[in-house]
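Chemist: Start from chain A and add chain B according to the hints.
2 protein chains.
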Amino acid sequence: MEQQTAYLEAHKDRFLAELFDLLRIPSVSAKSEHAPDVHRTAEFIRAKLAEAGADNAELCPTAGYPIVYAEKIIDPKLPTVLVYGHYDVQPPEPLELWHTPPFEPTVRDGKIYARGACDDKGQMYMHLKAFELMMQTNTLPCNVKFMIEGEEEIGSNNLEIFVKNNQAKLAADVILISDTGMIANDVPSIDIGLRGMSYLEVEVTGPNRDLHSGAYGGAVANPINILCEMIASLKDANNRITIPGFYDDVVEVSAEERALMAQTPFDEEAYKADLNIGAVHGEAGYTTLERTGIRPTLDVNGIWGGYIGEGAKTVLPSKAYAKISMRLVPNQQSDKITALFQQHFTSIAPPSVKVEVRPHHGGEPAITPTDTIAFQAASRAMEDTFGKKPIPTRGGGSIPIVALFEKELGLKTVLFGFGLDSDAIHSPNEHYGLFNYYKGIETIPLFFKHFAELSAK
Amino acid sequence: MEQQTAYLEAHKDRFLAELFDLLRIPSVSAKSEHAPDVHRTAEFIRAKLAEAGADNAELCPTAGYPIVYAEKIIDPKLPTVLVYGHYDVQPPEPLELWHTPPFEPTVRDGKIYARGACDDKGQMYMHLKAFELMMQTNTLPCNVKFMIEGEEEIGSNNLEIFVKNNQAKLAADVILISDTGMIANDVPSIDIGLRGMSYLEVEVTGPNRDLHSGAYGGAVANPINILCEMIASLKDANNRITIPGFYDDVVEVSAEERALMAQTPFDEEAYKADLNIGAVHGEAGYTTLERTGIRPTLDVNGIWGGYIGEGAKTVLPSKAYAKISMRLVPNQQSDKITALFQQHFTSIAPPSVKVEVRPHHGGEPAITPTDTIAFQAASRAMEDTFGKKPIPTRGGGSIPIVALFEKELGLKTVLFGFGLDSDAIHSPNEHYGLFNYYKGIETIPLFFKHFAELSAK
Numbered sequence: 015m016e017q018q019t020a021y022l023e024a025h026k027d028r029f030l031a032e033l034f035d036l037l038r039i040p041s042v043s044a045k046s047e048h049a050p051d052v053h054r055t056a057e058f059i060r061a062k063l064a065e066a067g068a069d070n071a072e073l074c075p076t077a078g079y080p081i082v083y084a085e086k087i088i089d090p091k092l093p094t095v096l097v098y099g100h101y102d103v104q105p106p107e108p109l110e111l112w113h114t115p116p117f118e119p120t121v122r123d124g125k126i127y128a129r130g131a132c133d134d135k136g137q138m139y140m141h142l143k144a145f146e147l148m149m150q151t152n153t154l155p156c157n158v159k160f161m162i163e164g165e166e167e168i169g170s171n172n173l174e175i176f177v178k179n180n181q182a183k184l185a186a187d188v189i190l191i192s193d194t195g196m197i198a199n200d201v202p203s204i205d206i207g208l209r210g211m212s213y214l215e216v217e218v219t220g221p222n223r224d225l226h227s228g229a230y231g232g233a234v235a236n237p238i239n240i241l242c243e244m245i246a247s248l249k250d251a252n253n254r255i256t257i258p259g260f261y262d263d264v265v266e267v268s269a270e271e272r273a274l275m276a277q278t279p280f281d282e283e284a285y286k287a288d289l290n291i292g293a294v295h296g297e298a299g300y301t302t303l304e305r306t307g308i309r310p311t312l313d314v315n316g317i318w319g320g321y322i323g324e325g326a327k328t329v330l331p332s333k334a335y336a337k338i339s340m341r342l343v344p345n346q347q348s349d350k351i352t353a354l355f356q357q358h359f360t361s362i363a364p365p366s367v368k369v370e371v372r373p374h375h376g377g378e379p380a381i382t383p384t385d386t387i388a389f390q391a392a393s394r395a396m397e398d399t400f401g402k403k404p405i406p407t408r409g410g411g412s413i414p415i416v417a418l419f420e421k422e423l424g425l426k427t428v429l430f431g432f433g434l435d436s437d438a439i440h441s442p443n444e445h446y447g448l449f450n451y452y453k454g455i456e457t458i459p460l461f462f463k464h465f466a467e468l469s470a471k
Numbered sequence: 015m016e017q018q019t020a021y022l023e024a025h026k027d028r029f030l031a032e033l034f035d036l037l038r039i040p041s042v043s044a045k046s047e048h049a050p051d052v053h054r055t056a057e058f059i060r061a062k063l064a065e066a067g068a069d070n071a072e073l074c075p076t077a078g079y080p081i082v083y084a085e086k087i088i089d090p091k092l093p094t095v096l097v098y099g100h101y102d103v104q105p106p107e108p109l110e111l112w113h114t115p116p117f118e119p120t121v122r123d124g125k126i127y128a129r130g131a132c133d134d135k136g137q138m139y140m141h142l143k144a145f146e147l148m149m150q151t152n153t154l155p156c157n158v159k160f161m162i163e164g165e166e167e168i169g170s171n172n173l174e175i176f177v178k179n180n181q182a183k184l185a186a187d188v189i190l191i192s193d194t195g196m197i198a199n200d201v202p203s204i205d206i207g208l209r210g211m212s213y214l215e216v217e218v219t220g221p222n223r224d225l226h227s228g229a230y231g232g233a234v235a236n237p238i239n240i241l242c243e244m245i246a247s248l249k250d251a252n253n254r255i256t257i258p259g260f261y262d263d264v265v266e267v268s269a270e271e272r273a274l275m276a277q278t279p280f281d282e283e284a285y286k287a288d289l290n291i292g293a294v295h296g297e298a299g300y301t302t303l304e305r306t307g308i309r310p311t312l313d314v315n316g317i318w319g320g321y322i323g324e325g326a327k328t329v330l331p332s333k334a335y336a337k338i339s340m341r342l343v344p345n346q347q348s349d350k351i352t353a354l355f356q357q358h359f360t361s362i363a364p365p366s367v368k369v370e371v372r373p374h375h376g377g378e379p380a381i382t383p384t385d386t387i388a389f390q391a392a393s394r395a396m397e398d399t400f401g402k403k404p405i406p407t408r409g410g411g412s413i414p415i416v417a418l419f420e421k422e423l424g425l426k427t428v429l430f431g432f433g434l435d436s437d438a439i440h441s442p443n444e445h446y447g448l449f450n451y452y453k454g455i456e457t458i459p460l461f462f463k464h465f466a467e468l469s470a471k
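From first to last, the protein sequence lines are chains A and B.
For the first sequence, the numbering used here assigns the number 15 to the initial residue and increments by one for each residue that follows.
For the second sequence, the numbering used here assigns the number 15 to the initial residue and increments by one for each residue that follows.
These are computed hints drawn from the structure, not numbers from a lab.
Quantities reported herein were computed from a predicted structural model and do not represent experimental measurements.
The beta-carbon is built from N, C-alpha and C at its ideal position, and this holds for glycine as well.
Derived coverage of chain B by chain A (criterion: at least 3 residues anywhere in the stretch with Cβ under 8 angstroms from a Cβ of chain A; other residues may be distant): (1) 41 to 54; (2) 328 to 334; (3) 433 to 447.
Calculated pairs, DSBU-like style, for lysine-lysine (alpha carbon to alpha carbon, straight line, at most 30 angstroms): (4) K471/B - K403/B; (5) K45/B - K350/B; (6) K91/A - K471/A; (7) K91/A - K178/A; (8) K183/B - K426/B; (9) K286/A - K368/B; (10) K453/A - K403/A; (11) K368/A - K249/B; (12) K45/A - K368/A; (13) K368/B - K350/B; (14) K421/B - K471/B; (15) K368/B - K249/A; (16) K286/B - K368/A; (17) K249/A - K249/B; (18) K402/B - K286/B.
Here are the in silico distance ranges between beta carbons for each label pair: (19) E324/B - T114/A: 21 to 29 angstroms; (20) G323/B - I87/A: 36 to 44 angstroms; (21) A61/A - P364/B: 46 to 54 angstroms; (22) A353/A - F449/B: 46 to 54 angstroms; (23) T120/B - E370/A: 29 to 37 angstroms.
Just chain A, same shape as in the assembly (with noise of 0.2 angstroms):
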C-alpha cells in the first residue's frame, strides 16, 4: 500500500485540478438551458476514464441524457465491482444566497464550494482517481466497470430501460455507490438504509382569472388559501400523515433495531445549534435519527402563487402551485403512495376550485445487507484508513437505482460514502472536504483489496 500512498500524494494537486474542472461544468439537468453542459460533462468523464486505462470507455445514447460506460476486466474468473455514480447536479438557486459562485469552485477551510462538489461530482470523481491510482500502481485485484448517469437529479428516468436492455454487459457481482454520507470526519459509517420517494406538483385553480380581491374577496375561493388549508390537512396534530392507505405498507422497525439505532453517537443541542432551531420537529413518538431513517415524511419543497414582488398587491389569484414530496421507507411502493396521494389529494377539494395533481418522479425505499462480502470488504476499509469500525446507519435520502438494480441485475449495493449532513448539498454553499475527497480515494482501493481477499476465500 505504500506504492498507492505514494501515487497519491504525488498527484494530489492533479487530482483537484481535476475535480475543479469538472465542477466548472454546469451539469444541470432539471433546466434544459443546460443541455449542452450536461452533455459536456458526460465527455469529460469519458475521456477521463479512457485516459485512466479503461476499456470500451463510451457514452451510451438514452432517451435523455447518455450514460458513460467504461470496464477494466483483468481476468473474467475474478469478481467484478460496478461502480455508480452521476455527473448531473442540482440547481444552484437561490443564487444570491451563495458565497462564491456555485461553478467557480473555491477552496476555504479546507472545504470545495461548489454545486455538486459532494452530489455527485466528488464523490463520484474519487472512484476515477482510485481507479487510476490502481491501475498505474499495478494493484487493480478485480474487474471494474463504470456506469455514470446524468439523469439522477431529475429522476433517473433512462436508467431503467438501459439497464434492462444491458444486463450482459453489465453483469457484475456488487455495486459500489459513494452517494451518501458518513456521521462525521471521526466517526465513519456506511448506510443500510435508503428512502424512496415520490414526488408531485399540484396547480390549484380558483376563478378562472385574477380578480381584485377588494371586489370578490369573501365570496370567491382563493386558491392559495385553499392550497394552503388542503397541505395542512396533509398532516395530523402527532405530525403524521393523514392520506389514507399511507403506512398500510410500512415495515415497523423492532424495539430490538430500535435500541441499536438509539446507541448511533447523535447530540440533539449541537444538531439544533448548528440549524439554529429552537425545537426539532417530526412524527409524535420516534426521534430524530428515527424520523430521517426509519420514518416517511411528507414536504412541501416549493410553493407559489400570486404576487411575490415588492410591495403589496391586492389580487386574489387565479392559481397557485405547490412541489410535494414524500420519502418512503420499506415496504412503501412508490407508484403506490403517488396514487394515494392523487386520489386524496383530488378528493379534499371544495368545490370552489379545481385541482391538477401531477406525478414529477419516483423511487423505492431500499436496505442493503450487513452480512455480504462487499459490506465486510467496506468495513474493513474504512477501518483500515480512519483506525475505527464504521457504523452501520440509515441514511434519510433517496437513491432510487439501489432498488431497481437489485430487481434488473440481482445485485446487492455498498453504499461507500464520505460525505457529511453538513455539506448543505442541494443547497446554496454546497461544500465537500478536501479531506473527505482524499480519504475516499485512498480508501477505495482497500475496497477492492479487501473485496477480492475476501470472494477468493
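Modeler: Same frame as chain A, but now just chain B:
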C-alpha cells in the same frame, strides 16, 4: 347641455389619444425602478390640468411621490368640489398572461386594454376632460379643486400629512372620486360603503439554511408546511376568521338593510359562469353580495418559498413568505386589526420556527351618506345620462382616503365610479370600456350642475 354634447363629440378622438399617452407611462408606484415614470406621470397630469384652464397647477412634494394640485375658483361664494384621483398603477405581473402589452394601450371590442385603463387613470382622466369641457363651453357652475396622488396603490402613506398640512388649501364642500364600479352598463349604481384594509407580509424561518429534504426531512420543521398550517388555521370550518377579537368591532348590518341588499340585481349562476367556478366560497350564513360588501375577509395575496423553477428539487427550505390582506368593515380599525394579526400569528408559531410579521399598509372602512345634496346630485346626473336612477350599493374594495378626508377635512365623499367588476383591475388584461370613459365625461358635468343648483336652494 347641447353645447357640452357637441364639444364632447368634436374632441372624442383627442380625449382618447391623451388617455393613451397617459397609459403608456408605466407609473408602478410599488417598484422603485419605475420612480422616473411615476414622476413623469405626475408632470403629465399637472400640465394637462393647466392646459385645460386650471389655476395654480403644481406638483406638491411629499416624502414619496408628489401630489398634483390645481384649482379653478370662479366665485368664492359658490360651493367647491374637491376631485380626488390617483395616477399610479398596480404592477402588471404576471406579464405572460396579457394578450397585449400592459403599457401599450389597445382597443378591442370597444374596450381599452392597459394597466390603469380603469384603475385609476381612465376614471381619473374623465374628470380632467369633463373640466376642460365645462371650461371651454363656459358651463362650470361652481368651484373645483383637484388633488391627484401617486401612492394610492402602495397605501397613500404621504397623503395624510399632506391633507393635515393643507386644510385651507383643500377646503371644499364635497369630495368627488371616480375609483369604484357600478353594477352594469345598463344598471347604474353608486357605492355607499367601502371596506378598509390591513396588509401584512409574513416570513417563517425554519433552519438557518436550505437543507436536503432526504437528510433532514421529517425531523426539522419545513417552513412552507408550517406557514400553510398557520394560514389554514386563520379560518374555521365556517370560513370565519379565528384571530381573537377580529369581529369585536364589526357592526352587524340590520335585517332591514340586508333585505334591501337582497333586492340588488345579482345572478349567481352568471357570476359563477363568468369566473368558471363550481361554487362560491365564503363565510357561512351570508350571501355573495354580503360577503363582499358588509363582511370582513382574509386573503393571501401572494405566497412563495423553496424551489419554484422548472423540474424538481428536494429542498427543505430555510424560509417561506406570504403577503396577507384583510378587508375591514365598519367599525373595525386598521391599526387594531393589524396588531391583533401580528400578536395572533406570532403566538401560533411552533417553537421549531421563527416568525416575523411586517405591516405593509392599512386603511379604514367607510360608509358614505345618501341623504346629502352631493349624493342627490350624483344620482340625478346618472339618471340624466343612463335614463335610470342608480342603485346604492356597498362595494368590497378599499379607498382608505375616504375615512381620512372625513377625519381631517370634515368632508363627505361621493363615489362616482363608472368601472365594472369585470374590468380586471389589478389583473392581467385590465380594461375600461370606451362607453364608460365617454359616459363618465358626459355625466360629471351634470353632477356639477345639479350640485350647484341643489346647493343654491
